[in-house]
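Trainee: Sequence:
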Amino acid sequence: MNTRTIPPRNKQKPLRVIGASCLALSPLAAPAATLISDSFDAGTIKTNSRIRTSQVDDGWYTSNKENPLWSISGGTLSNAGTSATSLDNEAPMSTVIATDGLAANLSQLTLSFDYTVGSTATLKFALYGYTVNTQDGGGTSDILMNNGTSNGSLQNNTQAELRHGDINLLTGADAPQSMNNDLTFAAGTTGSFSTTVDLASYAWHADEAADATPNNTPGLSGNITGVSDFDYVALVFYTDVSDPLTATTTSLDNISLIATVPEPSSAALLSLGGLALLFRRRA
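Going by mature numbering (1 follows the signal peptide of the UniProt record, and there is no 0), the letters in the sequence shown line up with residues -32 to -1, 1 to 251, in that order.
Check each hint, because a few of them may be wrong.
Stated by the list, open to error - Pair by pair, the computed Cβ-Cβ distance ranges are:
| id | residue 1 | residue 2 | range |
| --- | --- | --- | --- |
| 1 | G27 | A177 | 31 to 41 Å |
| 2 | S160 | N35 | 26 to 36 Å |
| 3 | G11 | E34 | 20 to 30 Å |
| 4 | D25 | P144 | 20 to 30 Å |
| 5 | D9 | P144 | 30 to 40 Å |
| 6 | S189 | G43 | 42 to 52 Å |
| 7 | S189 | T158 | 35 to 45 Å |
| 8 | I40 | S169 | 34 to 44 Å |
I should point out that these hints are in silico values taken from the structure, not numbers from a laboratory. Here a beta-carbon is modelled for each residue, glycine too, at the ideal position from N, C-alpha and C.
Build the full structure now, drawing on both the sequences and the hints.
Mentor: This is how it looks when you write it as structure tokens:
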């Protein structure tokens, strides 16, 4: 996983797109699909008791318990972190994206965003892929994750374990019952973050096999070839606030998740250039 943190960039305000689109930048450019692109110029936050498949391609959700402080205003998504109730400060934000219609060879995922972390908060991210159990078929409102827990924790739901193959897309690790937070940003920090992962380096884990226990697991094995191997991709983030009395606001902007085909190597490009020159000379 290649990771870089760079100074804040000037805000760009592209139109919000949640879904898939293919781009052709040049004859040699790799195709891409935009799964998430949000500059928070406008928008609403919906609520649900869990993170479910019914939320697919329906924008941002948070918990319907208590009164979560997440809001969209002034071109940012923010959380003041000042409530005496921990769930108000720490309820996860999530969006679930369907991958149907995407090309099979989009094996690289790039996640990027601008962030400012409050003075007493820790910002945490999780990115997971889910593949429906073909024998079970899944449901229209399957629970993928719990989102009502506080203190900065997020749990993977048993229904997701049994009805879906699930993988941590940031690391390739199996999705545990208590989910890992592989991107963590410390209190008081600010910047622009970007990371690219290679899905083709991942493989399904033993507990997703057809003969695994319990026996209604998805029956998946072998390597991952690209993002289209998953039916859904879920991006989740939340804050863990240590002191609401002295808290300052945590904010996010320009959240982007793009799937691409790996760029050709330098050697491959040189070979293509040489071949084109040869054809030109023969012509």
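Trainee: The structure should be examined with respect to each hint, and the outcome stated for every one.
Mentor: Each hint tested on the structure:
| no. | hint | result |
| --- | --- | --- |
| 1 | G27 x A177: 31 to 41 Å | holds, 35 Å |
| 2 | S160 x N35: 26 to 36 Å | holds, 30 Å |
| 3 | G11 x E34: 20 to 30 Å | holds, 21 Å |
| 4 | D25 x P144: 20 to 30 Å | holds, 26 Å |
| 5 | D9 x P144: 30 to 40 Å | holds, 36 Å |
| 6 | S189 x G43: 42 to 52 Å | holds, 45 Å |
| 7 | S189 x T158: 35 to 45 Å | holds, 43 Å |
| 8 | I40 x S169: 34 to 44 Å | holds, 35 Å |
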